[in-house]
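*Asks:* Sequence:
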Amino acid sequence: MVCLKKNICRVMALVLFTIGLSGCQSKTSDEYSKYSEGFFDTFDTLTQVVGYAKSEEEFKSYVDKMHERFLELHKLYDIYNEYEGMNNIKTINDNAGIQPIKVDKEIIDLIIFAKDWNKRTDGRTNIAMGSVLKIWHDYRDAGMDDPENAKIPPLESLKEAQKHTDINKVVVDVENNTIYLEDERMSLDVGAIAKGFATELVAQEIIAEGFESGIICPGGNIRALGKPLDGIRERWGIGIQDPNKFIATDEENVLDTIFINNASVVSSGDYQRYYIVEGEVFHHLIDPTTLMPGEYFRAVTVVAENSGVADFMSTTLFLMPYEEGKALIDKLGGIEAVWVMQDGTVQATDGMKKIMKSNGATGTKKQ
Numbered sequence: 001m002v003c004l005k006k007n008i009c010r011v012m013a014l015v016l017f018t019i020g021l022s023g024c025q026s027k028t029s030d031e032y033s034k035y036s037e038g039f040f041d042t043f044d045t046l047t048q049v050v051g052y053a054k055s056e057e058e059f060k061s062y063v064d065k066m067h068e069r070f071l072e073l074h075k076l077y078d079i080y081n082e083y084e085g086m087n088n089i090k091t092i093n094d095n096a097g098i099q100p101i102k103v104d105k106e107i108i109d110l111i112i113f114a115k116d117w118n119k120r121t122d123g124r125t126n127i128a129m130g131s132v133l134k135i136w137h138d139y140r141d142a143g144m145d146d147p148e149n150a151k152i153p154p155l156e157s158l159k160e161a162q163k164h165t166d167i168n169k170v171v172v173d174v175e176n177n178t179i180y181l182e183d184e185r186m187s188l189d190v191g192a193i194a195k196g197f198a199t200e201l202v203a204q205e206i207i208a209e210g211f212e213s214g215i216i217c218p219g220g221n222i223r224a225l226g227k228p229l230d231g232i233r234e235r236w237g238i239g240i241q242d243p244n245k246f247i248a249t250d251e252e253n254v255l256d257t258i259f260i261n262n263a264s265v266v267s268s269g270d271y272q273r274y275y276i277v278e279g280e281v282f283h284h285l286i287d288p289t290t291l292m293p294g295e296y297f298r299a300v301t302v303v304a305e306n307s308g309v310a311d312f313m314s315t316t317l318f319l320m321p322y323e324e325g326k327a328l329i330d331k332l333g334g335i336e337a338v339w340v341m342q343d344g345t346v347q348a349t350d351g352m353k354k355i356m357k358s359n360g361a362t363g364t365k366k367q
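Residues 1 to 367 in my numbering are what the sequence shown lists, from first letter to last.
No lab work stands behind these hints, which were simulated from the structure alone. Accuracy of the hints is not assured; some may be wrong.
Pairwise CB distance ranges (calculated) [stated by the list, open to error]: (1) Y322 <-> D183: 32 to 38 angstroms; (2) K365 <-> G97: 55 to 61 angstroms; (3) T290 <-> I207: 18 to 24 angstroms; (4) P321 <-> D166: 23 to 29 angstroms; (5) E156 <-> E182: 20 to 26 angstroms; (6) E209 <-> G38: 33 to 39 angstroms; (7) P147 <-> D183: 30 to 36 angstroms; (8) P147 <-> I207: 40 to 46 angstroms; (9) S61 <-> D104: 23 to 29 angstroms; (10) E280 <-> D104: 26 to 32 angstroms; (11) A208 <-> G279: 47 to 53 angstroms; (12) S61 <-> G85: 25 to 31 angstroms.
Cβ coordinates follow ideal geometry from the N, Cα and C atoms, glycine included.
Let the sequences and hints guide you as you build the complete structure.
*Replies:* The following block contains the structure:
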């Protein structure tokens with residue numbers, strides 16, 4: 001619980017900084033005003049929506065639609081709870097090695113996406129790692145409840161669980177809309193991609209409803225729609241969290257600012273969810289090769305058009321060496337990244353450098 005509260009504080013501060021970047025007047029023109037609302041009951045985090053609309057009623061109608069959709073997707077992608085009249089990821093896990101489970105299209109699409117991107121990225125992010133991640137999750141929860149007796153999982157237990165993480169045993173039957181786990185000890189954990197994938201679905205649907213200009217931010221997964229309609233800016237300014245700063249409420253406490261339109265920004269870092277064992281921090285991003293928390297970086301921030309891709313790639317890049325990650329980005333295309341190294345130095349792709357404030361980028365209109 002402590003960790004979740006820390007995450008919410010970080011997200012709220014980062015969103016407030018993002019909103020405040022341009023002066024923050026609520027009335028922006030004769031036609032559009034700026035509004036913001038948030039809700040806490042989806043994907044275990046704060047979701048903040050900021051945007052421009054012709055009236056408060058119009059804005060609230062968009063937020064209500066997004067909220068309803070996020071609630072539905074939260075339930076579908078939940079690995080811990082079951083819901084009456086719904087088959088979700090937990091249902092699939094509960095029936096591993098027993099039978100295929102008929103599911104909604106949103107789950108089929110998520111699993112296909114995860115398997116496809118797993119192949120593209122050398123398996124660094126694997127939704128079939130649930131058996132390993134559950135062990136870490138249980139030890140982390142126990143360590144947070146009783147810090148003096150916090151422990152890390154035995155490597156033997158992790159290696160045994162690793163035997164049940166073959167993503168090829170996740171069988172998708174598109175014709176019959178079913179998912180089947182062939183290994184009875186396998187379980188899915190979609191935490192690395194579900195929030196980003198859901199955000200992209202919501203973004204595309206609300207754009208189709210007419211929402212022209214805004215930011216959707218569930219737990220730091222930032223999806224920018226259109227451009228700011230304040231007559232001043234051409235691009236949204238997004239603050240990148242400094243791993244060494246607890247709260248990013250102003251420009252001095254963020255690592256940098258990037259300027260985007262119609263794109264997503266997602267960060268993965270060792271500061272997001274963690275517990276402490278004998279003075280050492282153990283975060284939640286587990287390297288599938290070592291079965292231990294990744295140690296290459298403090299944080300990685302990714303910009304991509306699709307929020308699901310940005311979410312997937314922020315985890316993937318965090319779990320591979322810098323040179324390998326940079327080569328992967330060059331091969332894939334359409335993805336930019338910033339790496340914060342263990343010593344605090346920063347590396348960025350050429351495309352990312354062009355949109356960073358530290359390199360002269362701005363969000364304002366050219367005079």
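*Asks:* Now look at each hint and say whether the structure bears it out.
*Replies:* Quick rundown of the hints versus the structure:
1. Y322 <-> D183: 32 to 38 angstroms: Since the Cβ atoms of Y322 and D183 sit about 34 angstroms apart, the hinted range of 32 to 38 angstroms holds.
2. K365 <-> G97: 55 to 61 angstroms: holds, 59 angstroms
3. T290 <-> I207: 18 to 24 angstroms: violated, 40 angstroms
4. P321 <-> D166: 23 to 29 angstroms: holds, 24 angstroms
5. E156 <-> E182: 20 to 26 angstroms: holds, 24 angstroms
6. E209 <-> G38: 33 to 39 angstroms: The hint (33 to 39 angstroms, Cβ to Cβ) is violated, given that E209 and G38 are roughly 19 angstroms apart.
7. P147 <-> D183: 30 to 36 angstroms: holds, 35 angstroms
8. P147 <-> I207: 40 to 46 angstroms: holds, 45 angstroms
9. S61 <-> D104: 23 to 29 angstroms: Taking Cβ atoms as reference, S61 and D104 lie about 25 angstroms apart, which means the hint holds.
10. E280 <-> D104: 26 to 32 angstroms: violated, 42 angstroms
11. A208 <-> G279: 47 to 53 angstroms: holds, 51 angstroms
12. S61 <-> G85: 25 to 31 angstroms: holds, 27 angstroms
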